[in-house]
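**Student:** These protein sequence lines are chains A and B, in that order.
Each residue of the first sequence is one higher than the one before, starting from 752 at the first, in my numbering.
Each residue of the second sequence is one higher than the one before, starting from 752 at the first, in my numbering.
Just so you know, the hints here were simulated from the structure itself, not pulled from any lab data.
Treat the hints with care, since some could be wrong.
Note that identical chains are pooled: a pair holds if it fits in a single copy or bridges any two copies.
[As the list claims (entries may be wrong)] Think about it this way: if two alpha-carbon atoms lie no more than 20 Å apart in a straight line, the pair counts; the simulated SDA-like pairs of lysine to any residue are:
{"id": "1", "residue 1": "Lys827", "residue 2": "Arg902"}
{"id": "2", "residue 1": "Lys782", "residue 2": "Pro945"}
{"id": "3", "residue 1": "Lys1007", "residue 2": "Asp1119"}
{"id": "4", "residue 1": "Lys992", "residue 2": "Asp932"}
{"id": "5", "residue 1": "Lys1158", "residue 2": "Ile785"}
{"id": "6", "residue 1": "Lys952", "residue 2": "Glu1058"}
{"id": "7", "residue 1": "Lys789", "residue 2": "Lys827"}
{"id": "8", "residue 1": "Lys1052", "residue 2": "Gly925"}
{"id": "9", "residue 1": "Lys1052", "residue 2": "Thr1066"}
{"id": "10", "residue 1": "Lys992", "residue 2": "Val929"}
Protein chains: 2
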Amino acid sequence: MRIPPNMAMWKAVGNGILEGISRVADLDASKLTITLSKTLKPIPKDETLLFGNIMSDHMVVAEFDPEIGWSSPEIKPLGPLSLDPTSSCLQYGTSVFEGMKAYIGPDGEPRLFRPDMNMARLARSAERMALPPFSTDQVLALIKQLIIVDRRWIPLSSGYSLYVRPVVMGTRTGLSVVASDRATLCIMLSPAGPYFRSGAKPTVSVLAVSETIRAWPGGTGEHKVGLNYSPGFLPLRVVQKQGYDLVLWLWGDDMKVTEAGAMNVFVVVARDDGGLDLLTPPLDGTILPGVTRDSILALAKAHTAGETTLPGLETQDSQRVRLHAQERAFTMAEMVQWSTEGKILEAFGAGTAVVIASIGKIGWKGKDLDLPVHEGLGPIANAFRTRILDIQEGREVWKNWSLLVTKL
Amino acid sequence: MRIPPNMAMWKAVGNGILEGISRVADLDASKLTITLSKTLKPIPKDETLLFGNIMSDHMVVAEFDPEIGWSSPEIKPLGPLSLDPTSSCLQYGTSVFEGMKAYIGPDGEPRLFRPDMNMARLARSAERMALPPFSTDQVLALIKQLIIVDRRWIPLSSGYSLYVRPVVMGTRTGLSVVASDRATLCIMLSPAGPYFRSGAKPTVSVLAVSETIRAWPGGTGEHKVGLNYSPGFLPLRVVQKQGYDLVLWLWGDDMKVTEAGAMNVFVVVARDDGGLDLLTPPLDGTILPGVTRDSILALAKAHTAGETTLPGLETQDSQRVRLHAQERAFTMAEMVQWSTEGKILEAFGAGTAVVIASIGKIGWKGKDLDLPVHEGLGPIANAFRTRILDIQEGREVWKNWSLLVTKL
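Next comes chain A alone, as it looks inside the complex (with noise of 0.2 Å):
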C-alpha cells in the first residue's frame, strides 16, 4: 500500500472551502465568561487515583454556528451537553480531542509539557475531519484559565498531574453524510494517577494481533480523533481475556509493528559496534505522532551529541551510552530475530497519559518473545521517564518545553 502525499491535497483545497467562514468570529478567550459552581466536590488523596475516572467541577464549552462563528467562551459547572440526537457527533463520529497534563512546579506555579504540540495536532485533527477552524492560540488560553480556576486539583506527587482533555464535537443536526457546519468545544479536567494497575514504573504486557488493524495509510491513525480508539475495544478485551494488557497493532502484509494500545512502542536493539538502536515506527500515516514519542527522539539525539546526560546513561568510564535513534519500520518477524539473537535489551510504549511503560511481554502466534526481565522500567525506559518527569514537573529546564499558566 502506498503512503498518502500527506494530505497536501485535501489541505488545499479545505482551506479554501474553509474560507468563507473564516470571516466570522474566531474563538476569543478574551470574551470568557465565569460561572463558579456553588459546590465544589472533596479532592481525593493522590494515591486513589488512576486515570480518567473523576472530573474537577468545571469546563470550558463554546459553540460555532456557521453564520455567526464561535460563541462566547464560558467556565461553567461540569454537566451535562444537550445534544441533538441528530447531532454529527452522535451519529458519524465527529469529534477530535487531545491529551495533555498540567503540573505544579517547585515554584508553586502550575505548568503544561509542550502544549504547542498539543495544539497543532488538535488543529490537525479538526481539519481531518472537516471540522469548523479555531485559533489554537485561544483554546490554549481556555485551557489555562480553566487551569487556574480548577487549580486545586492538580495533584503534587511526582507521576501524578492534571490530565486536560479538550474535544472538538460536530454539532450539525439531519442525517446528511457530510461535512458538520456547527461544532462545540468542550474542555475538561480530570486528576491522574498511574494510568496502569502496575504504578509508578509500569510495566504491561501486550498481545500481537493481525485479525484487527488499528490505522492504515490513507485513514486516520495519524491524527487524534475519537473514532481510532473504539475499534479497539473488542480486541483489548479479548487480548485482557487472554492474560495480556494491551494489544500490538499491526500493519501490512510483512506485520510491520505500529502502536500498543494508546501508546507508541519503542524497541532498543544492541547493535554490532556497541551503541544501541532506539527505533521507532516512522509517521507513515498509521502512527500517531505523539508528544512524548517526539520528546523521546530528540532527548536520544541531544544526549547522543553530547547536548545533555540522560539519568543513568553514563558509564563507569564517563562514556555515555551511545543512543541511536531511528524512526524506522520494523516487523514481527524482526523482533522475533532480535530476540531469539538476544538482541533486544528493552521495549518500551510511550504517551501522554502513561508517559513511559515498560513491555515486559510481547505475545505472538501462541508464544512469548524473550525480552530481558527488568525490575520495574529497563535503563533506557528509565532513563527517558525520568528526565521527561522532571521537565514536566519543572525540576528541570528544556528548552521551552515547559509553560508555565499564567492568567490572560
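Chain B: place on chain A using the hints.
**Tutor:** What follows is chain B alone, placed relative to chain A:
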C-alpha cells in the same frame, strides 16, 4: 493484506465476556411507555423532501445500565439528549446505527423492507464496537410502534418513504480507553425524498481517489458504525470542489473498487457470449453488506434462473437478458480497460437511502472514463430500481421481503 477470519476469534470471546451482563434485563418492547407530543409539527409536502433534514414528532429512547440492564423503553417527543461530556460516544466514537425505510402499501398499511437484515447487521455492529447486547426483535418491535405513532409522517408518493434511524451510542462516562458498558438506544424517523438533486432517476458522478481509504481488512468497513463516515467528509468536499458528486473509494496497491460515497457499487460488463456480467465487490471486510446490494444479487439470480422476469429485461424474441451476478473484486485498471473496449454498459450505486443511482461519470487520474450515456438510469439499473420499489411499496410480493407494520 490478508483477510481476517471473519472476526470469529473476537466473537467467541465477546460472547463469553457478555455472559455476565446477559443476566440483566433485556430490552423489552412490552414495557414501552408512550408520551405524545402536545404540539405536532406540520407535515411537509412530498415534493419538498430531501434526505434526513426533517425529523418526525417522536423518538424511542432506552438506556442500558450494567447493573440493571435495559430500561423500559419510551416513545416521547423528539428532543435533545442530555449526555455527560465524557460519554464514550462523544470521546471515542462508539455509535452504531441502521438505515431502513417505511412505506404505505396499496392496502394503506405501513410496511418495512427486509428489516431482519438491518436488525442482524445492527447486532453485529454493536458486537464489533463491544457495546451492550440487546434482542433485535425488541428493537424491531419498537421501530414498528414508533412508525405507528408517527404514521402520518410516511409519504405516499412513489420513491418517497419514511427513513428509520436506530442508533446505539456508548454512554460510559470517564476518559478510560475501554469498551462502553452503558448505552442509549435512540430511534428516529425522517420523511425522505430523493437522496440526490438529480431526483427520481438519479445520476451521479464519482471521482476515484487513492489518497484516502475508506476501509481496510481488519477495520470496521463491513459494519454500520458511525465512525466509518466522518473520515470521508473532507474527501467528499474535495471531489465536490472538482465537480463530482461522490468519492469512489479504492483499496489496495492494485486500486480495487470498493464503494461510492455511502453506496455499494455495481458494474454491468458485456460478455463475449452475449450475456452480461453484473459485478460488485465481494464482502471481504471492506464492504458494507448492504440490504439493497443483497436484494439486487438475489433478484439477478432469480431473473437468470427464470424465477422472475425483471421489468424491461425481456428481449423481443422472449429471450431474457442473461445476467451473471458475481461478487468479485475488480480494479480501476480493469475499469479503464473495459471502458476503452466499450464493454461497460452501466455502472450504478445501491443503498437504502438512494435505492439505486446511475453512475454517469467516473473520474480517475485527471480523466473521465467513457461510460454509455443513458436518459436517467440505464436499463439494468432501472429494472432493479423499478422492481425493488415495487416490492418496497407493496405493489409486488417477493418472498418475505416486505413486512407489514402491525401493533404489538
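**Student:** Hints first: check each against the structure and report whether it holds.
**Tutor:** For each hint, the structure was consulted:
no. : hint              : in the structure
1   : Lys827 x Arg902   : within (15 Å within a copy, 42 Å between copies)
2   : Lys782 x Pro945   : neither (36 Å within a copy, 44 Å between copies)
3   : Lys1007 x Asp1119 : within (17 Å within a copy, 36 Å between copies)
4   : Lys992 x Asp932   : between (42 Å within a copy, 16 Å between copies)
5   : Lys1158 x Ile785  : within (14 Å within a copy, 51 Å between copies)
6   : Lys952 x Glu1058  : neither (27 Å within a copy, 69 Å between copies)
7   : Lys789 x Lys827   : within (10 Å within a copy, 33 Å between copies)
8   : Lys1052 x Gly925  : neither (51 Å within a copy, 37 Å between copies)
9   : Lys1052 x Thr1066 : within (17 Å within a copy, 75 Å between copies)
10  : Lys992 x Val929   : between (39 Å within a copy, 14 Å between copies)
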